[in-house]
Structures are given as structure tokens and as C-alpha cells.
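K.L.:
One-letter residues, chain by chain:
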Amino acid sequence: MSSAAHVETPQAHHPFPQEAPVIKVSRPRRRALVAGAAVAATALLLAGCSGSNKAAPNAGSSSNKTLVFGITADPTQMVPWTSTSAQSIQVLSQIYSPLLSSNAQNVPVAGIADLPKVSSDGLTYTFTLKKGVKFADGSALDSADVKYTYGKIMDPASKASSASFFASVASVEAPDPQTVTITLKHPDASFVSALDSVNISIVPSDVSVDSLTTKPDGSGPYQFVTRTANESITLKRNPDYYAGKVGAAKLEFRIIPDDQSMVSALKTGSVDLAVFASPVTAKTATSNKVKIDPVGSLQYHVLQLRAASPVLSNVNTRLAIQCAISRKDVVNSAALGAGDIMGPITSPQFKSDPNDQPCPTQDLAKAKSYLAKAGTPDGFTLNLLTSTGLYASAVDEAQNVQAQLGKVGIKVNVQTLDSNAYVQKWLAGDFDAAIAQNGGSTDPNTMYARYFTSTGSYNKVAGYSSPELDQLFAQGIATTDTADRKAIYKKISEQLVDNAAWVWLFTPKSYIAVNTGVSGFEARTDASLTALWKASIS
Amino acid sequence: MNRVRVVAQHAVTRRVGEAILTLLGVSILTFVLLRVVPGNQITASYGTAAGELSPAQIQSLEAYYGLDKPLIVQYLSWLGGVLTGNLGVSATSHLSVLQMTAQSLPNTLELAVLSIIVGLVLGVPLAVLAARRPGKTPDNLTQLGSLLALSIPSFLLATAVAGWLANTLGWYPNGEGFATLIENPGLNLQQMLLPALVLGISIAPPVLQTARTAILAIRAEDFVRTARAKGVPERRLQFRHILRNALIPVVTMSGLQFGFLLGGALVAEQIFAIPGVGRQVLLGLNQKEYAVVQSTVLIIATMFVLVNLLTDLIYRVVDPKVRVR
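If you read the protein sequences in the order shown, they are chains Y and F. Residue numbers 1 to 538, in this note's numbering, belong to the letters of the first sequence in order. Residue numbers 1 to 325, in this note's numbering, belong to the letters of the second sequence in order.
Any given hint might turn out to be false.
Stated by the list, open to error - Straight line, CA to CA, 25 Å or less: simulated SDA-like cross-link-like pairs of lysine to any residue:
1) K425/Y to T30/F
2) K425/Y to G163/F
3) K425/Y to Y65/F
4) K283/Y to N167/F
5) K425/Y to T180/F
6) K425/Y to N167/F
7) K425/Y to N413/Y
8) K291/Y to T30/F
9) K147/Y to N167/F
10) K147/Y to I58/F
11) K152/Y to E62/F
12) K236/Y to G81/F
13) K351/Y to I58/F
14) K185/Y to S54/F
15) K69/F to D155/Y
16) K289/Y to G170/F
17) K250/Y to Q74/F
What the hints assert, rightly or not - Cβ pair distances, simulated, as ranges:
18) G244/Y to S77/F: 50 to 56 Å
19) G406/Y to F260/F: 22 to 28 Å
20) V280/Y to G135/F: 42 to 48 Å
21) G389/Y to V73/F: 25 to 31 Å
22) D293/Y to I72/F: 52 to 58 Å
Honestly, the hints are just simulated from the structure, not real lab data. Every value quoted in this text rests on a predicted model; they were computed, and no experiment measured them. Each residue gets a CB set at the ideal place from its N, CA and C atoms; glycine is no exception.
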């Protein structure tokens with residue numbers, strides 16, 4: 001650059017007259033440009049400074065009426081049944097209503113329909129819809145809309161990720177406007193637990209799905225007003241919300257991609273609510289204006305072992321891994337304490353005892369003896385898949401596991417991929433072991449039948465099944481008696497840990513940051529926003 | 001005369017042809033790179049839930065996203081769309097890439113202009129100071145300062161400054177919803193202040209170095225000595241004769257920096273929640289929205305190439321020597 005300058009400059013000031021006109025034309029222009037830029041700069045900076053005093057109170061007063069919820073990314077989907085991103089679920093849970101709702105204990109309760117009457121053979125579920133429930137466009141929500149929505153979800157052309165919720169459904173009928181009858185192919189005690197999911201929220205039957213992608217139309221606590229890509233989504237109060245008066249006049253989901261930026265926005269009061277995964281970030285947000293509510297999760301972090309891959313086919317090998325790992329250590333050092341150690345099932349009514357497994361705490365001697373039984377007393381080499389993009393502590397957890405297994409001679413190769421590549425390998429079952437964060441459910445069948453029954457959609461991923469498990473899972477949904485079911489799922493849980501199908505690590509915590517101006521907010525498990533509609537802002 | 005014109009036309013035609021080939025190359029490279037990376041739009045939007053999809057659903061999705069067609073057909077149909085003004089639609093925001101860019105590009109442009117201004121305002125006066133007595137304390141201090149400014153990663157500086165302002169002054173305009181310059185100039189300029197400052201700080205060192213070197217070189221020129229001998233006052237000599245000439249390479253360099261900033265200052269946009277072109281590309285990458293990434297990159301590349309092309313053509317008009325070549 002500077003060498004070019006040396007060549008150019010003398011030319012510009014060459015004393016010979018023939019080049020002079022060129023200089024004379026270009027010079028004043030350049031001067032005008034520089035001067036113009038300088039003036040503009042000064043003006044902009046001045047405007048910036050003077051504006052700072054005026055704009056702040058304005059912004060403050062407007063946030064009094066609008067509840068601002070900070071999210072880190074633009075929601076990627078707008079149709080309930082294809083929505084999988086956390087942000088989409090958060091936003092859509094405020095716009096739409098599923099058939100049932102859930103209480104603070106995650107148990108399904110009446111929503112736009114009462115809890116169903118189940119026929120004695122367990123095959124027919126009859127729902128009665130509440131009267132007066134309306135969509136944002138003013139039309140009534142009736143049984144035709146429910147039939148239409150569920151039909152859409154079951155239609156492969158809709159590409160619904162929630163289609164699997166209806167795997168056991170034979171038919172959905174709408175005998176009269178307030179009644180919905182669902183008939184199952186076989187008894188399924190887990191069926192009702194899925195009906196409070198945002199992914200099967202009811203959409204209007206007379207509005208095209210295409211138009212829902214740009215103008216969502218539901219019966220939830222808030223109604224869609226406007227969306228600016230990569231910036232915000234604004235909703236307004238639904239005056240006819242079936243469950244009661246909605247707390248805030250407006251609700252804005254504001255996109256602030258950076259966590260530290262979010263902390264600053266919370267502290268200055270421009271954002272009222274946000275959810276953090278990291279306890280460290282949450283701590284920096286804590287101030288006299290911001291309170292932090294830690295909440296537990298139904299999700300779980302797990303070291304998935306694929307018994308189907310040769311290196312892990314011996315049960316003693318897998319048990320050695322279970323015994324060599326201190327779950328407490330994984331939580332405390334990799335996840336910075338943000339979790340609780342766990343057994344397989346997280347569903348509140350069926351929860352596994354975290355200590356009910358062959359090695360409840362780290363036991364290196366036992367691990368060694370299992371290794372000897374497996375015929376590999378000096379250990380072996382294990383490939384472990386993890387991802388940088390899925391969740392914050394995934395790589396740290398893999399490295400912690402690597403260090404712990406190293407103590408008994410198991411050499412772990414950590415393979416770190418970006419989330420897309422990881423998901424592809426994970427879905428294909430193309431790994432020996434993987435660190436994963438999997439979704440939980442209020443029903444243990446929903447949680448694990450897909451992984452550990454030989455016909456489950458994720459059995460290839462789980463890499464483990466047995467005739468005993470197939471039979472237990474079938475029994476689990478065939479009976480409706482809760483006590484009987486609890487006994488069955490306890491057996492399933494034992495089967496899983498005794499065979500060390502996977503090594504279950506912990507359920508993560510999330511941290512909800514709430515501005516002190518917000519009242520009536522109920523923190524729920526998994527930072528679910530089911531009760532956000534009660535929150536108001538002063 | 002006629003012959004000269006033919007030659008000139010020929011050169012111009014060649015230059016335009018080169019520009020088009022460059023853009024074609026960029027588009028092919030982007031297309032290939034996107035597809036070499038594992039994963040596709042289905043895994044990106046469904047994540048692990050993609051495992052719940054039935055084969056019929058996956059087929060339907062592949063048809064929907066156009067993934068079932070051969071690569072060459074995918075490329076040509078995208079290119080055909082671009083040539084007929086259809087740059088594709090984002091499945092995330094349901095806006096056309098043209099609409100998205102119309103929203104994001106002005107923000108990126110504004111940020112780029114402000115950053116360059118900050119860089120110049122910081123860099124040029126310091127260069128004058130440093131060049132006054134090379135090797136003396138002010139010079140050494142500015143050298144140290146510029147080294148420091150260059151080595152601090154901008155994301156660190158940005159986060160630290162933002163956190164500090166929020167904690168001490170309770171001032172963090174970027175937490176408010178983004179306002180465009182037209183909607184609310186006051187708020188907009190506050191929101192642009194921090195990112196422009198952070199980016200400007202990283203632009204200032206090269207500006208300073210370029211200007212300093214140029215000032216020193218020009219000061220040694222014969223015409224300066226002549227002017228001084230003719231009794232031109234020192235201040236006038238410094239500013240009108242030396243500095244103004246020294247600014248020419250600075251302007252060239254600022255233009256280059258500006259070109260890079262047009263591609264989107266991703267880190268600043270991400271941290272300070274500025275909805276610019278950089279975040280548009282990132283969103284497209286994360287969601288594997290091939291059309292969004294390809295078209296946005298093509299738009300950025302086109303601007304870059306156009307600016308270069310125009311500069312070349314203007315040289316031809318302004319400088320007879322180039323015209324002859």
C-alpha cells in the first residue's frame with residue numbers, strides 16, 4: 001500500500017502543466033469529500049450524544065407496557081408441528097393452545113378441552129372442548145379444527161416432527177362442535193401426556209398453512225402482531241383468552257444473540273426476562289434489578305454407548321465405563337454445577353432413583369474387575385462423539401469423561417463435530433459412544449420406547465434392545481393403573497442401568513433471569529413458558 | 001482516434017467479462033463449499049428430531065427443499081432464478097433474499113461508514129503526531145497503542161466495553177429493539193456508537209501506519225523542500241502540501257477496509273444485535289439455507305467487484321496512461 005503511495009504522490013504534484021488539469025479537477029472534489037465526511041462524522045457523533053438523554057426515558061416508558069423476553073436466535077419455524085428450535089417453541093407457546101395444558105408438576109390438566117373420558121377398553125378418548133374459545137382471527141375453535149390439525153400432523157406431506165405422537169391413533173372424529181373422539185389402535189397409557197405439547201397446538205381449519213408461516217393464528221394468550229427478521233416478534237394480549245386475563249398488554253420476543261449483551265440489556269431494564277444455560281452468565285446478570293430462578297429439567301445429559309458396535313458389545317465393558325465415571329465430577333467440573341445426577345427416567349411420577357445402579361458412585365476397583373471380566377484388563381480404545389454447537393458444555397463433558405476413563409486404562413478419542421455433522425452421524429448410529437442431551441417427557445414411554453424397543457424410531461441410535469425390554473414397554477402402555485405402571489418402569493430403569501445400556505449423567509438446570517418489575521411470573525421446569533401469560537410488568 | 005476507441009472498448013469489454021467470470025467463480029465456490037459441509041436443511045431445522053421422520057416425510061422434505069435433484073440442476077435452477085431476479089426465499093423468515101438484504105444492507109452500510117470515520121478520526125491525527133518526530137516518545141507511544149489496538153480481539157473489547165457501560169452508567173442502547181436511522185435516528189446512532197467504536201479501533205492502526213509512512217515519505221520529496229525554500233508557512237506546508245498528499249494512500253486503504261466491512265462485521269453485529277448482512281449469512285449457514293447464503297454472498301461479491309470495476313473504469317477516464325495501456 002505505502003509503496004503505491006510513493007509512486008502516486010509525486011505524479012499528483014508533478015510540476016509539468018499537461019497533468020495540471022487532472023489535478024485541478026480531482027483535488028477540490030477530494031477536499032469536498034473529506035470535508036463532507038468530517039462534517040457528517042461530527043454531526044453523527046453530536047446527534048449520538050444529544051440523543052442519549054432524550055431516547056432513554058422514552059424507551060423506558062414503552063417497556064413499561066410491553067413485556068420484553070430476550071431470546072438468542074430468530075425462531076426458525078412458525079408452524080407448530082414442524083417447530084423444533086427452542087425459540088420457536090417459546091414464541092409459539094404464547095400464540096397457540098394445545099388441547100390440554102400442564103400444571104407446575106408437569107401433569108396434564110384441562111386446557112381448551114377438559115381431561116378426556118377414557119373407555120373401559122382404553123381405546124376411545126372423548127374430549128369436550130370449552131365454549132367460547134376463539135382464534136385470533138375471531139373464528140370459533142371447534143372440534144373441526146382439532147380434527148383438521150391432527151389430520152394434518154398425521155399426513156406425511158406436512159413433514160410434522162410431532163407425527164410420532166399419533167403413532168397409536170386409528171382415527172380422530174368430530175361428532176359435534178364441542179366433542180372430539182380419538183380412537184387408538186391399541187391401548188396407550190402415554191397418549192394423553194403428549195397432548196399438552198406446543199407441537200400439536202390447534203390451528204384453524206379455514207386458514208392455509210402457508211399463511212400461518214407469516215401470520216400465525218392461534219388461541220393462545222397472545223396474538224401475533226408483527227415480526228422483523230433477526231430483530232423481534234411482537235404479540236398483543238388476547239382479550240378472549242380462555243384461561244383468564246393475560247398479564248401484559250404486549251409481549252415482545254427480542255433477539256439478542258450474545259449472552260453478555262443480554263446480561264447488559266437485563267441490567268439496564270430494556271429486557272425483562274431471559275433464560276441462560278450457564279450458571280456463570282446467570283451470576284453476572286444477578287443484581288438488585290435482576291433475580292435469577294434456577295429450574296430443573298426433564299431433559300438429560302447422557303453418555304450414549306452403542307452396544308451394537310463391536311467395541312462395546314460386552315456388557316462388562318459397558319459396566320466398567322459406568323463404574324469408572326463419577327457423575328458428580330462431570331456435573332461439577334464440566335457443567336459448572338448446573339445439574340443433578342440422575343437415573344434413566346426423569347418423568348416426575350416415574351422418576352428413577354439416581355443411586356439405583358451397579359456403581360452409584362465412582363468405583364475404580366470394580367471398573368478394573370469388569371474390564372478383566374471383559375477380557376481387556378489393560379483397557380481399550382473408545383471413540384467418543386461430541387459437538388460444539390448442540391449445547392454449551394458438550395465438549396467439556398466429553399473431555400471430563402475422557403480423563404476419568406483414562407484412570408482405568410480406557411483411551412478415549414474425542415471426536416468434536418459441528419452440530420449438523422453430529423446430528424447426521426448420531427441419527428445414522430455411526431458412532432461407538434456419544435455425549436448427548438436428549439429430551440425428556442412426563443411419560444417414560446414417550447421418553448424411551450423410541451430408543452430401547454427393537455422397533456423404536458431411534459433404536460439404531462441407542463444401539464441396545466432386548467426381548468425383556470420390548471415386553472416391559474408393551475406392558476407399560478397396556479395398563480392404565482399408575483401404581484402398576486410405576487412398577488413396570490422401575491423394572492425398565494433397572495434393565496437399562498444393570499446392562500449399562502447408556503451411562504446417564506445428569507439433568508441440566510437452566511436459569512431464568514427476571515427483572516424485578518415483572519410480577520406473577522412462575523418459573524417452570526425446562527423454562528417452559530406455559531405460565532408466562534400470568535406475568536405482568538409494572 | 002477510431003482505433004483507440006476500439007481498443008478501449010475492447011479493454012473495457014474484457015474487464016467486464018472478467019468481473020462476470022469472477023462472480024460466476026464465487027457463486028460456484030459458495031455452492032460447492034456449502035454442500036461439502038455435512039448436514040442439510042432437514043438436519044438443520046429438525047435437529048435430532050429428524051429421526052422421528054418417516055421415509056415418506058423425508059422424501060416430501062427433500063422435494064420441498066429441492067434436495068432430491070442432482071447438484072448441477074440445483075445450481076442451474078438457482079442461477080436461473082438469480083438471473084431472472086429471484087434470489088430465493090428464506091424458509092426461516094419467509095422473506096425473499098432481496099427483501100432481507102434491503103433490510104440488512106443499509107444497517108451494514110451505515111456501520112461500515114461510521115467505523116471508517118472513527119478509524120480515520122483516530123488514525124490520521126495520531127499519524128500526524130507520530131510523524132512529527134519519528135522515533136521520539138509520541139511516536140513510540142502511538143506505535144505501542146496501535147499494536148495494542150490491533151492485538152485486542154474485537155469481541156473481547158466489545159463485550160468488556162458493553163458490560164462496563166451497563167454496570168457503571170446503566171446505559172446499554174443495544175438492548176432496546178434495533179431502530180433504523182430513519183425510524184429513530186437518536187436511538188440508532190446510540191446503538192451504532194459502540195460497534196462503530198470497536199470496529200474503528202481495529203481500523204485505526206493500519207490507517208495510522210499508512211498515513212505515518214506516507215507523511216514521512218512525502219516530507220522528503222523535492223517539492224516540499226522547494227516549497228519550504230519559497231517561504232511557504234510551516235503550518236500550511238504541513239497540512240496543504242504534505243498531509244493532503246499523504247491522505248491519498250489512506251483513502252485507498254479505507255476503501256479496501258470499507259469493502260471488507262460491507263461483507264458484514266459479523267462479530268460486532270452479533271454482539272451488539274445489529275441486524276446486518278453478516279448475521280443474515282450466519283443465519284443462512286446455521287439453518288443450511290443454501291439459497292440465502294449463496295445469494296447474499298453473491299450480492300456482497302457483486303458490490304465488491306462493481307466498486308473495483310468502477311474504479312478501474314474511472315481510472316481509464318481520468319488517467320490517459322491507463323487508457324492507452
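K.L.:
Would you mind marking each hint as holding or not holding in the structure?
P.N.:
Verification of the hints:
1. A threshold of 25 Å between alpha carbons decides the hint, and for K425/Y with T30/F the separation of about 24 Å falls inside it, so the pair holds.
2. Using a Cα cut-off of 25 Å, the hinted pair K425/Y and G163/F is violated, with the two alpha carbons roughly 39 Å apart.
3. For the suggested pair K425/Y and Y65/F, the alpha carbons sit about 21 Å apart, so the restraint of at most 25 Å is met.
4. For the hint pairing K283/Y with N167/F, the CA-to-CA distance comes to about 14 Å; that is within 25 Å, so the pair holds.
5. At most 25 Å may separate the alpha-carbon atoms for a hinted pair to count; K425/Y and T180/F exceed this at roughly 42 Å.
6. Of the pairs offered as hints, the one joining K425/Y and N167/F is violated, with about 44 Å between alpha carbons and a cut-off of 25 Å exceeded.
7. Annotation: proposed proximity of K425/Y to N413/Y holds, straight-line Cα distance about 16 Å (limit 25 Å).
8. As the CA atoms of K291/Y and T30/F are separated by approximately 45 Å, the hinted pair breaks the 25 Å bound.
9. At most 25 Å may separate the alpha-carbon atoms for a hinted pair to count; K147/Y and N167/F exceed this at roughly 53 Å.
10. For the suggested pair K147/Y and I58/F, the alpha carbons sit about 24 Å apart, so the restraint of at most 25 Å is met.
11. Proposed proximity of K152/Y and E62/F is supported: the alpha carbons are some 19 Å apart, at most 25 Å.
12. Restraint check for K236/Y and G81/F: the C-alpha separation of about 38 Å exceeds 25 Å, so the hint is violated.
13. Among the hinted pairs, K351/Y with I58/F is inconsistent with the structure: their alpha-carbon atoms are about 34 Å apart, more than 25 Å.
14. About 19 Å separates the Cα atoms of K185/Y and S54/F, which keeps this hinted pair within 25 Å; it holds.
15. Distance hint between K69/F and D155/Y is fulfilled; the C-alpha atoms sit about 23 Å from each other, no more than 25 Å.
16. Proposed proximity of K289/Y and G170/F is supported: the alpha carbons are some 11 Å apart, at most 25 Å.
17. Proposed proximity of K250/Y and Q74/F is contradicted: the alpha carbons are some 43 Å apart, above 25 Å.
18. Separation of G244/Y from S77/F is about 51 Å and conforms to the stated range, judged on CB atoms against 50 to 56 Å.
19. Between G406/Y and F260/F the beta carbons are some 45 Å apart, a value that contradicts the proposed interval 22 to 28 Å.
20. As the Cβ distance of V280/Y to G135/F is approximately 46 Å, the hint placing it in 42 to 48 Å holds.
21. Hint check: G389/Y to V73/F, Cβ distance near 30 Å, so the stated range 25 to 31 Å holds.
22. A hinted range of 52 to 58 Å for the beta carbons of D293/Y and I72/F is consistent with their spacing of about 54 Å.
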